[in-house]
Structure formats: structure tokens, C-alpha cells
Amino acid sequence: MPSWVYIFDLIGTGVFALTGAIGARRYRMDPFGILVLAAVTAVGGGSIRDALMGATPVFWMLDINYLIVILITVLLSFPLLSRPAHLPKSTLLIADACGLALFTVIGTEKALVMGFSGMVAVIMGLVTGVGGGIIRDLLCRQVPLILRTEIYATASILGGICFSIGYISPLNDTLVLFIAMCGSLGLRLAAIRWQLSLPVFGLSSKR
Amino acid sequence: MPSWVYIFDLIGTGVFALTGAIGARRYRMDPFGILVLAAVTAVGGGSIRDALMGATPVFWMLDINYLIVILITVLLSFPLLSRPAHLPKSTLLIADACGLALFTVIGTEKALVMGFSGMVAVIMGLVTGVGGGIIRDLLCRQVPLILRTEIYATASILGGICFSIGYISPLNDTLVLFIAMCGSLGLRLAAIRWQLSLPVFGLSSKR
Amino acid sequence: MPSWVYIFDLIGTGVFALTGAIGARRYRMDPFGILVLAAVTAVGGGSIRDALMGATPVFWMLDINYLIVILITVLLSFPLLSRPAHLPKSTLLIADACGLALFTVIGTEKALVMGFSGMVAVIMGLVTGVGGGIIRDLLCRQVPLILRTEIYATASILGGICFSIGYISPLNDTLVLFIAMCGSLGLRLAAIRWQLSLPVFGLSSKR
Chain A
1 MPSWVYIFDL
11 IGTGVFALTG
21 AIGARRYRMD
31 PFGILVLAAV
41 TAVGGGSIRD
51 ALMGATPVFW
61 MLDINYLIVI
71 LITVLLSFPL
81 LSRPAHLPKS
91 TLLIADACGL
101 ALFTVIGTEK
111 ALVMGFSGMV
121 AVIMGLVTGV
131 GGGIIRDLLC
141 RQVPLILRTE
151 IYATASILGG
161 ICFSIGYISP
171 LNDTLVLFIA
181 MCGSLGLRLA
191 AIRWQLSLPV
201 FGLSSKR
Chain B
1 MPSWVYIFDL
11 IGTGVFALTG
21 AIGARRYRMD
31 PFGILVLAAV
41 TAVGGGSIRD
51 ALMGATPVFW
61 MLDINYLIVI
71 LITVLLSFPL
81 LSRPAHLPKS
91 TLLIADACGL
101 ALFTVIGTEK
111 ALVMGFSGMV
121 AVIMGLVTGV
131 GGGIIRDLLC
141 RQVPLILRTE
151 IYATASILGG
161 ICFSIGYISP
171 LNDTLVLFIA
181 MCGSLGLRLA
191 AIRWQLSLPV
201 FGLSSKR
Chain C
1 MPSWVYIFDL
11 IGTGVFALTG
21 AIGARRYRMD
31 PFGILVLAAV
41 TAVGGGSIRD
51 ALMGATPVFW
61 MLDINYLIVI
71 LITVLLSFPL
81 LSRPAHLPKS
91 TLLIADACGL
101 ALFTVIGTEK
111 ALVMGFSGMV
121 AVIMGLVTGV
131 GGGIIRDLLC
141 RQVPLILRTE
151 IYATASILGG
161 ICFSIGYISP
171 LNDTLVLFIA
181 MCGSLGLRLA
191 AIRWQLSLPV
201 FGLSSKR
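Residue numbers (my numbering), protein chains in the order written: chain A, 1 to 207; chain B, 1 to 207; chain C, 1 to 207.
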């Protein structure tokens, strides 16, 4: 499994870096500003996870590949960013959903391997999955995706629970990884496509 | 004293979780979104404190009771959240004041027990007391309470200083805990009730 | 070199504390609120750096001088804050530029001394330089400086790269420190003065 986890982690890093770069478009930032926002989005969640678990120095300081993936992603995204007309409206949402699902299972797996309980592991998956996106949205002054009514935190928590249960099952770990990731991604994409939401609570008149 | 500190810590966790759930009302969030915001508010300050002090993994990863308290609080708050008319306007402010006072003395105590100086301990109390609320307000796009003119940081600093002085005094530790907490809470509630504030600095024309 | 690094670090702490206090002016905060915002701005970046590197407890918890510098800076800034007319518009920007340059080289140096690679050290310099300012701007609900088009992250990255290259060169370390800092500061001040920017990407119609 380790190699799959690692490859998924790098893919998720690239995907989240892309969402950071796209988020930067609203602000007409220069290349280095875009790089910073992409990097914060890509490694923010995992960095918070590692700092909370005491797994320091955090992951990307020990393995240069994460930074290289971010750098390449940002370089490749520049042509995309300068032709806004060619960027479908939902690109950011779908890319974010992929990153959310990937990082959720990665984060859950890392916490379980370090010996934390299933409940803590689900939360570490959630932190890894939503942390970077929350920082991106705060910096870009957007309403964080996690505060919107569509299923978001729920998709991450589902992925984490699936992986935690599968981890103690006799199933092959790689299979569990795929199932948990697909479950989380599928739920989030379905929520985006059909605007699904759980029952909501709150003031009906506001927003 | 340990048992009192622990019980107070759990009560403060529930109180801050409630303020997070109430803060979520403006956004018509689903149950899991509310749970995330409640949890971030409840354990955010203590997590920052522990990460800064190097006390990792942070407290709630080692003791499942904090998460259980948050879960129960959020479940119990759902009926309250769906009947907005029954929620007095000042509920959030008063609950936040209680959490502020409780977490301030808890944070100060933990830093003193770990051997830090009184000045650092007061700051750790402040971080514990205001950290979660600041994250909640940032996510909910409210002006953080700490930026308002009413006495807020001051109440936390007062509680931390009282506890730090009492800690090296011959007084009973539990008594010191109560006095510091009541001092902090009393000052903050008085500030809310009579809109007390210290002399303020700044541009008089703005806001 | 150590003594120079230390003196520069304390100067940077005071300068960033001043920008935090100035940022607080818009909110008519009381003295303790200003103190909190000044402290967060001054030690926020370095605290994130130390938490990421696992250098905990973070620097200011082990050396009381940082807190004393912040306290004195805030006390001295009160007369300035209460006479807004005497505060030139660009004061905040220039003070922030000085803090950015100072903290960038300090952060880069600390990471290199701890044995991290040049690429990680440049990022640690960036985190140290921009971290506190980002927190200040988020709390004050300003568009973070790093999201504006003028050269900002670029100035920090330039300083970090200069220092990292100079660090492995035969040049005197103090000289390298000055050169890297002046390069970073000069670029940022030039960008403020002549509104320089790198080519920007993004939607031309927004903002």
C-alpha cells in the first residue's frame, strides 16, 4: 500500500495546488503570490495535521517531492489562468472534491498507522482534507466551502469512517483505500451535481 | 485540584462547542458542518496552545472525552438551533464569556504545571481562551470579539494574572482557580451588561 | 553572527508589533486588544515556523525579551495611535516591509542552522516574514498584503534565496545577512514607491 498512498498524496497535492492557483485568479496576483497560495492550499491541511499529532518536522519538509509537484503544477497552470474563458465554472469545485477525497484517506491512514484511535483518525482525515481549502478560502475572502449547505464535511467524514472500518477488516488495504476515496468523492460530486444537502439548521431568512 | 480542572475543562469544551453551533446558525449548515464548527471552536484554542508548547499530540487526541462532550453538546443543541425565536440575543455572548473564563484558567494552569514563567502562562491562558472563538468568528465572517471595544482580552488577561499570582501563593489551588475564573467571568459579564470598555485608541470617524 | 541575528530579530519583533498596533487603529480597540494584535503580528510567523519545524516550545516562550520588546513598542505607540493625523499613510506599508525583510532572513537562517535544505529554508523565511502579517490582515479584515499585485511574496523569496546561496558561500555570514536583507527590503520599497509588479494573471474585470 505505501506506494499507492504516496502516489495519491502527490496527486492530491497537485490537485489542491491547482485549486489554490485558480482561487488566486480573482486577485490578479503575480506568479510568486500564486505559488504561495497554491502551496498553502496544498500542504496546509497536512501541516496542521502533523503539527497536532506532533509529527514534526511536517511531511513536506522531509520530502522535496511535494514542493516540486506544487511548483510544476503552478507552472503548468499559468496558461490556464491567463485564458479565463476556457475555464469551466465548476473546475474549482470538482478539483477541490478530488483533493478532499484523496487527502481525507491519506490523513486517516497516517493517523491510524501512528496508532491513534478511529475517531481521532477520522478527524485527522477531515483536517487534512478541509484544512488547506479553508485557509485558501479565508485568504481569498470567500465563504469557506465547509460553511455552505452542500454536503462537504460529511463527504470527508464518510471517507474517513469507511477507511477506518476497512483498516481493521481483513480486506486488502489498497482496496479499502480506493473504496473509501471513491465513496467520499462520489458523495461530494453527487452533492455538487444535484445540489444535495442534509437537512439544514439555521435562520431561514438569512442568506 | 486535577479533578476540578478536568471537569471545568470539559464544561468549557461543551460551552464553546455550543457557541460554535450557535455561530453556525447564520449559515444554514448541515449537522456535520455544525459539528465541525463546534469542534473547532471548542478545541481550537487548546490545540494552538499545545502545538506552541510542544505538548503534542494535543490534549483531545489523548482523551476521547473531549470529543464525546462536543458530540453530545451538538446533538442537544439541534432543537435549540431549529427554533431561533427561543434563543435570546445575548446567549452567544454569555456562553462565550463562560468559555473564555474557564479556558483561560485551564490554559494558564497547564502552562504553569509545565514549568513556564508567569508571563508565558498568562499568554497561554489567553491563547486557550480566545483562540477557538477567533477561529469561529473568522470562519463565520464575523468581526472577532477580540476586535470589539468591550473588555474581552482584558478579562482573559486578568484571569490569567490572578491565577498565576495565586498559584505561587499559599492559598488552596482550587480556591485560586475559582477566584481567577470568577474574576475573569465577572469582568466580562459586567462589560457585556453595562458596555464597559477601557479607554480606546483609534480613528473616531471609522465604523 | 548570532548577536546580529538576535538584535535584528528583536528589531523585527518591534517593527511588526508596531504594524499590528497601527492595524488595530481602525477598530478603536482598548489597550489590551491592541497588545494582543501587536503580539500576534510580531510572533505569529515565527511561531508557525517553529511549530512546523518541531522547534517547540516556540522561540518567544524560551526568551522573555521578545515579549518585553512587544510590550514596550505598544506602550510607546499609544501617543502615535491617538493622533491619527500625524501618521503618514504609508507608515504601515514601510514598517511592514522592514519587518518582512528582517524576519525573512532570520527565518531562513534558523532553518539552515537546523539542517534543512535551501528550498525548505526559503519557505521557512517566507513563513516567518509573511505569517504574522497575514494573521494581522485576516483579523483586521483587510485584504492580506500577499494577495495584492505589488511585489510582496517575491521580495521575501528573493531575500531567502540570497541568504541561502550566501550561507554556503565563503562570504562572511554577517555580510550575507545584510545583503539578503537589503535586497529584500529594497525590492519591496521600490515596489511600494513605483508600484512595481511582476506580470499578473487573473480576470481583468474583477477588482
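Please note that the accuracy of each hint is not assured.
Which residues of chain B face chain A? A partial, calculated answer using Cβ under 7 Å [claimed, not checked]: (1) Tyr27; (2) Pro57; (3) Phe59; (4) Asp63; (5) Leu71; (6) Leu92; (7) Leu93; (8) Ala95; (9) Leu139; (10) Val143; (11) Arg148; (12) Gly166; (13) Ser197; (14) Pro199.
To be clear, the hints were calculated from the coordinates, so they are not data collected in a lab.
Just so it is clear, CB atoms sit at the ideal spot from N, CA and C, and this is done for glycine as well.
Here is how each hint holds up against the structure:
Here the hint on Tyr27(B) is kept, as its CB sits about 5 Å from the closest CB of chain A, short of 7 Å. For Pro57(B), the interface hint holds, since its Cβ comes within 7 Å of a Cβ in chain A; the closest pair sits about 5 Å apart. A least Cβ separation of about 10 Å between Phe59(B) and chain A goes past the 7 Å threshold, and the interface hint is therefore violated. Of the supplied interface hints, the one on Asp63(B) is violated, with its beta-carbon coming no nearer than about 10 Å to a beta-carbon of chain A, more than 7 Å.
Interface hint status for Leu71(B): violated, as the beta-carbon distance to the closest one in chain A is roughly 9 Å, over 7 Å. Hint on Leu92(B) is violated. Least Cβ distance to chain A is approximately 13 Å, over the 7 Å limit. Taking 7 Å as the C-beta cut-off, the interface hint given for Leu93(B) is violated, the closest approach to chain A being about 17 Å. Because the smallest distance between the Cβ of Ala95(B) and any Cβ of chain A comes to about 17 Å, over 7 Å, the interface hint for this residue is violated.
Taking 7 Å as the C-beta contact cut-off toward chain A, the hint placing Leu139(B) at the interface holds, the least distance being around 6 Å. A cut of 7 Å between beta carbons decides the hint on Val143(B): the least distance to chain A is about 14 Å, and the hint is violated. Annotation: interface hint on Arg148(B) violated; nearest CB of chain A at approximately 20 Å, more than 7 Å. The beta carbon of Gly166(B) is not positioned within 7 Å of any beta carbon in chain A (closest approach about 31 Å), and the interface hint is therefore violated.
Look at Ser197(B): its Cβ only gets to about 28 Å from chain A, farther than 7 Å, so that hint breaks. Because the beta carbon of Pro199(B) sits about 32 Å from the nearest beta carbon in chain A, more than 7 Å, this interface hint is broken.
Taken one by one, the earlier hints fail for this structure at numbers 3, 4, 5, 6, 7, 8, 10, 11, 12, 13, 14, listed in ascending order.
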